[in-house]
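Taken in sequence, the protein lines are chains B and W. Residue numbers for the first sequence follow the numbering used here, beginning at 1 and rising by one. Residue numbers for the second sequence follow the numbering used here, beginning at 1001 and rising by one.
Errors might be hidden in some of the hints.
Each pair of labels, with its calculated beta carbon distance range [to be verified]: (1) B:Arg9 to W:Arg1067: 37 to 47 Å; (2) B:Gly40 to W:Thr1020: 15 to 25 Å; (3) B:Lys65 to W:Glu1008: 25 to 35 Å; (4) W:Lys1052 to B:Lys65: 27 to 37 Å; (5) W:Thr1020 to B:Ile77: 37 to 47 Å.
Rather than coming from a laboratory, the hints here were simulated on the basis of the structure. For glycine and all other residues, C-beta sits at the position ideal for the given N, C-alpha and C.
Below are the chains, spelled out letter by letter.
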Amino acid sequence: EAQVTQNPRYLITVTGKKLTVTCSQNMNHEYMSWYRQDPGLGLRQIYYSMNVEVTDKGDVPEGYKVSRKEKRNFPLILESPSPNQTSLYFCASSLRAGGVADTQYFGPGTRLTVL
Amino acid sequence: GNSVTQMEGPVTLSEEAFLTINCTYTATGYPSLFWYVQYPGEGLQLLLKATKADDKGSNKGFEATYRKETTSFHLEKGSVQVSDSAVYFCALLNTGNQFYFGTGTSLTVIP
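Hey, can you work out the whole structure from these sequences and the hints?
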């Protein structure tokens, strides 16, 4: 089954404790992206990747890191989480960023709480 | 800059009513435009898209036309069903491969 998986689905942590949210897709997609969803703000793009070893900042990259060492995986790293990073996070992938084959497939979401 | 503005909700309609959710955008260049739908507890799913001016995207009875002159991409459906209850997001993909989403419009359809 074609899908985007994220782990963990729920996480409660404390300020300053490094964490990683994993994202994996099994569709051989080139484009992968991370978003955060906050009430009244919709989804905001954190980072995106056009392909392996190619990553770029989205609208709200501060406090986050990503890496793309393999095509299927795109982990989101919070080196020193703070309470303002409490949010619902979505990973997404698409064959390419634009053009005809640009349907983004979203993961189920990771709800992060930073105390 | 790039941004998407969509009508605030929540929107409550009776079954078989006509739906319009307004969406306008600001972008440099020629973006692609999308409508996504989010059902409770799930991630977003692509509903429809349009990649150039005057294109009409359609799916499951929903339609939206890319209007460059008014920078709009309004979502419409002629007869909504209870199963259409969800949150709808308008989005754009700019020429720099970045996505921008609106704040979402919650729709509730009552029998």
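Going down the list of hints, with the structure as the test:
1. B:Arg9 to W:Arg1067: 37 to 47 Å: Holds, since Arg9 of chain B and Arg1067 of chain W (Cβ atoms, about 39 Å apart) stay within the stated range.
2. B:Gly40 to W:Thr1020: 15 to 25 Å: holds, 22 Å
3. B:Lys65 to W:Glu1008: 25 to 35 Å: Holds: the Cβ-Cβ distance is about 34 Å, inside 25 to 35 Å.
4. W:Lys1052 to B:Lys65: 27 to 37 Å: Given about 35 Å between the Cβ atoms, the range holds.
5. W:Thr1020 to B:Ile77: 37 to 47 Å: holds, 41 Å
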